[in-house]
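Asker: Based on the provided sequences and hints, a complete structural model is requested.
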Amino acid sequence: MAIALADSRTKRAQTRIRSYLTAEIVTGAVLGTLVLSALIFQPLLITHDPMAGDLFARFQPPGTDGHILGTDELGRDIWSRVLAGLTWSMSAALVSNLISFVIGTALGLLAAEMPGLVRTIIRQLIDTVLSFPGLIVAICVITVFEQGFWPLVLTLGFLTWPVFARVVYAESLTLLERDYVQNARLIGVGRVRTLTRHVLPGLRPTLMVMLAFHFADMLIAESALSYLGLGAPLGEPTWGNMLAASRDKLIFAPWMMLAPAGAIVMAVVTTNFVGDGIAALSRRQGKGIDQ
Amino acid sequence: MDSPAKDRVLEIGNLHLSFRSPEAVTEALRGVSLTVERGEIVGIVGESGSGKSVTAMSVLKLLPGDKARVTSGTITLLGRNILRHDEAAMRSIRGQTASMIFQEPMTALNPVRRIGDQITEVLTRQGILQESAFRDYARKLLTDMRIDDPDRVLDAYPHELSGGLRQRVLIAMAFSGKPELIIADEPTTALDVTVQAQILSLLKDKARETDTSVIFISHDLAVVAQLCDRVYVMYKGEIVESGRTDDVIRRPRHVYTRALLNALPEGKPRKARLETVAAAMLEGGSAAESATAAPPPATPPPAAAEPGEALLELIDAELYYPKARDVMGRPIRFHPAVDGVDLTLFKGETLAIVGESGSGKTSIAKLVVGLERPTAGEIHYRGTPLEGRRSAEVRRDIQMVFQDPQSSLNPRMRAWQLVTEPLTVGGGLSRARLRDKAAELLTLVGLEPDQMTRFPHEFSGGQRQRLAIGRALAVHPKILVLDEPTSALDVSVQAQILNLLIDLQREQGLTYLFISHDVAVVRHISDRVAVMFNGRIVERGPVDAVLENPQETYTKTLMEAVPHLRLGIA
Chain A
1 MAIALADSRT
11 KRAQTRIRSY
21 LTAEIVTGAV
31 LGTLVLSALI
41 FQPLLITHDP
51 MAGDLFARFQ
61 PPGTDGHILG
71 TDELGRDIWS
81 RVLAGLTWSM
91 SAALVSNLIS
101 FVIGTALGLL
111 AAEMPGLVRT
121 IIRQLIDTVL
131 SFPGLIVAIC
141 VITVFEQGFW
151 PLVLTLGFLT
161 WPVFARVVYA
171 ESLTLLERDY
181 VQNARLIGVG
191 RVRTLTRHVL
201 PGLRPTLMVM
211 LAFHFADMLI
221 AESALSYLGL
231 GAPLGEPTWG
241 NMLAASRDKL
251 IFAPWMMLAP
261 AGAIVMAVVT
271 TNFVGDGIAA
281 LSRRQGKGID
291 Q
Chain B
1 MDSPAKDRVL
11 EIGNLHLSFR
21 SPEAVTEALR
31 GVSLTVERGE
41 IVGIVGESGS
51 GKSVTAMSVL
61 KLLPGDKARV
71 TSGTITLLGR
81 NILRHDEAAM
91 RSIRGQTASM
101 IFQEPMTALN
111 PVRRIGDQIT
121 EVLTRQGILQ
131 ESAFRDYARK
141 LLTDMRIDDP
151 DRVLDAYPHE
161 LSGGLRQRVL
171 IAMAFSGKPE
181 LIIADEPTTA
191 LDVTVQAQIL
201 SLLKDKARET
211 DTSVIFISHD
221 LAVVAQLCDR
231 VYVMYKGEIV
241 ESGRTDDVIR
251 RPRHVYTRAL
261 LNALPEGKPR
271 KARLETVAAA
281 MLEGGSAAES
291 ATAAPPPATP
301 PPAAAEPGEA
311 LLELIDAELY
321 YPKARDVMGR
331 PIRFHPAVDG
341 VDLTLFKGET
351 LAIVGESGSG
361 KTSIAKLVVG
371 LERPTAGEIH
381 YRGTPLEGRR
391 SAEVRRDIQM
401 VFQDPQSSLN
411 PRMRAWQLVT
421 EPLTVGGGLS
431 RARLRDKAAE
441 LLTLVGLEPD
451 QMTRFPHEFS
461 GGQRQRLAIG
471 RALAVHPKIL
481 VLDEPTSALD
491 VSVQAQILNL
501 LIDLQREQGL
511 TYLFISHDVA
521 VVRHISDRVA
531 VMFNGRIVER
541 GPVDAVLENP
551 QETYTKTLME
561 AVPHLRLGIA
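Just so you know, the sequences run in chain order A and B.
Take the first sequence: its letter number 96 is residue 96 in the working numbering, and every next letter is one higher.
Take the second sequence: its letter number 27 is residue 27 in the working numbering, and every next letter is one higher.
Heads up, a few of these hints could be off.
[What the hints assert, rightly or not] Here are some chain B residues pointing at chain A (derived, C-beta under 8 Å): (1) V369; (2) L371; (3) A392; (4) V394; (5) R395; (6) M400; (7) S407; (8) S408; (9) L409; (10) N410; (11) R412; (12) P422.
In case anyone wonders, no lab produced these hints; they're calculated from the structure.
Glycine is no exception: its CB is placed at the ideal position from the N, C-alpha and C atoms.
Answerer: Quick look at the structure:
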């Protein structure tokens, strides 16, 4: 009896694990792990100092003298620079994403919970920020402050929080109507607690997916701003800067452009797959919960 | 029953059907056999998950082909085995040989197209008529459905019609192709009792008139008793009993049928314990036929309801909802949900409010618990008027249990957190203390303490409602407002919850405000009743007096519309 019970339990565990092994979840997990390990083991993978130039080895094509992806106009190793750029791009995307998420979620919840003046102000604010031309704001910020990590991520964060705010606002409105939220208020649960304990957990699946896809958007935005010389400080090994440097050497050294461009595409595709994976995962987990 | 084979419209023989998902294969039907003769109205009765809808859907092959698989058996419609038909052949059958009426008329109609266009679409597909004749034919169809102003209905969008009118339109569409067989899947469950009565008589008359066979699927034995010639009782994917409706209901042979009938409050002494299906099934053995009589329900002395202290009073209470607003957002027109109601709730009694949808009964519940404030009038609790923000004590004393525990319990909280949340509001209780309280509360409502780490979706519907009741009782309330607490539940589960409520009232001296549309349930559990109509109370008094001998026109109409089993069982 005990054996039969244990047997059926392992069997159930097996089927449960198998039900998680869908294409989206597996692809997302594998690609995500790859990029993450590249980030962690970066010191081991880098073959040259990404900042050290060698003027006798300029414009080397991929494969020469241990330069896996060739060298640039100052003879710096492109493979090492692409890897170094990974850290910059990932942290910039992550931090701007989080800023955007925190502001957006807080204001979205607030707008849903407080009808009247507060809601009107927040909704107007959302529309105002959305109608800002992002590029011009970025140029202004960089002119006033100087280029650097924080000006960049703060600009991106403050320009994109309405993405979160609008979704959180709309979803919270329906969640606040649910019987269990009414029920919580009935027994005297306060406003903040109602929002954090009853509304926010309900938003979790949506927010997870949004975080992943917004991360991809932030990656592209960061590279685009750096390419225009508005993001990372010049000379810093970032993908945007590398792309900018490759512009006038495209004809005779195309690898200078292909390497960072390829890296951007890979990173964005990976985050999108991770996003799909998270979406599939929360659908799978929410099966019994959200009906 | 010995009619020649050509008069047999449908024959299902030993049908096995299973659903497959990544996790498991579930057998939904386990050897279902049934027949439908020409012009016959056949009922299929069962609780949720019994396979009654699956059986019906398989006749029209409406189940998702990738998930549902017929493993063996036959479905013969007018002499042809439809299991061999492909999708194209099925399309010519649907609507013309057999058609379907669904439960929810709002979702079965396209919300953005006029009724007339939708009927025309059905007619076009069947190629019955010239285009010019469509409107006349559609008008005739609707007139046949006893719709007085067919032209208005034809030009209307679904949301402009009442639920009853929408269901009439769907019935008209189902009959439009002159089918041999109509499958009606709980067609009146979403409707009010008085509307249900009209729809049932309409369906019956039309079927008789056109000699159409009907399969009527329902969870409601009383409705089936009123409508059907023969009935099949389903339980866990099997047909456990079949026969003429009268025979099955008066002389049930199978232990499940008997248990189901005993679980109904109708015809039982007031506040007596109802027998639960689970208990009966355990005694009588699972699917085996058994001849042992069900034990008579224990009859405790009916709680004598001497009027105690007046706990709660509504004095000329009004609740107006804004219907339209001006540019500045100020309401300019109102809908009176509660229109001048006086109501007194005495300590220890159960006062029921009966009414149909839109009568204002739920609005009264909201007023009592404080989810809404009265637009005018007063609410007194123990003699003191409740004004402004309610004190913590008053909030504790008046608790509410919602209709659907699926939505009233936060799906992301565990059982122990849910039942003890009311205790955490003031703060100060340790986690261990809360868990002890949770164990106590779970035991009180008949759940196991070791279930406290589960999430709501890991409980059954009845267990979830127990959880909701436990949560409401956490702070030792004086008044429990029960808003249709059993109407989302199966009959057998309803019996369990009613038993629990009656026991709790006796043990803890609770006062109930019981809101329901179900007259049989109200008659069973309450001491006094108030009948609501259009925001007003039209009749009130002791339960037996009001329900047995109604004085007002509306109460009379309501009581006549309630379907009865008409039997002397119990």
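Asker: None of the hints should be skipped; say for each whether it holds.
Answerer: Status of the hints after comparison with the structure:
1. Annotation: interface hint on V369 (chain B) holds; nearest CB of chain A at approximately 6 Å, less than 8 Å.
2. Taking 8 Å as the C-beta cut-off, the interface hint given for L371 (chain B) holds, the closest approach to chain A being about 6 Å.
3. A cut of 8 Å between beta carbons decides the hint on A392 (chain B): the least distance to chain A is about 6 Å, and the hint holds.
4. Hint status for V394 (chain B) relative to chain A: violated, with the closest Cβ pair at about 10 Å, above 8 Å.
5. Look at R395 (chain B): its Cβ gets to within about 5 Å of chain A, closer than 8 Å, so that hint holds up.
6. Contact between M400 (chain B) and chain A, as hinted, is supported at the beta carbon level, the nearest pair being about 6 Å apart and thus within 8 Å.
7. The criterion of a C-beta within 8 Å of any C-beta in chain A is met by S407 (chain B), whose closest approach is roughly 4 Å, and the hint holds.
8. Taken as an interface hint, S408 (chain B) checks out: its beta carbon lies about 4 Å from the nearest beta carbon of chain A, inside 8 Å.
9. A distance limit of 8 Å between C-beta atoms decides the matter here; for L409 (chain B) the minimum to chain A is near 6 Å, and the interface restraint holds.
10. Below 8 Å, beta-carbon pairs count as interface contacts, and N410 (chain B) has one with chain A at about 4 Å; its hint therefore holds.
11. At its closest, the beta carbon of R412 (chain B) sits 4 Å from a beta carbon of chain A; the interface hint therefore holds under the 8 Å criterion.
12. Look at P422 (chain B): its Cβ gets to within about 4 Å of chain A, closer than 8 Å, so that hint holds up.
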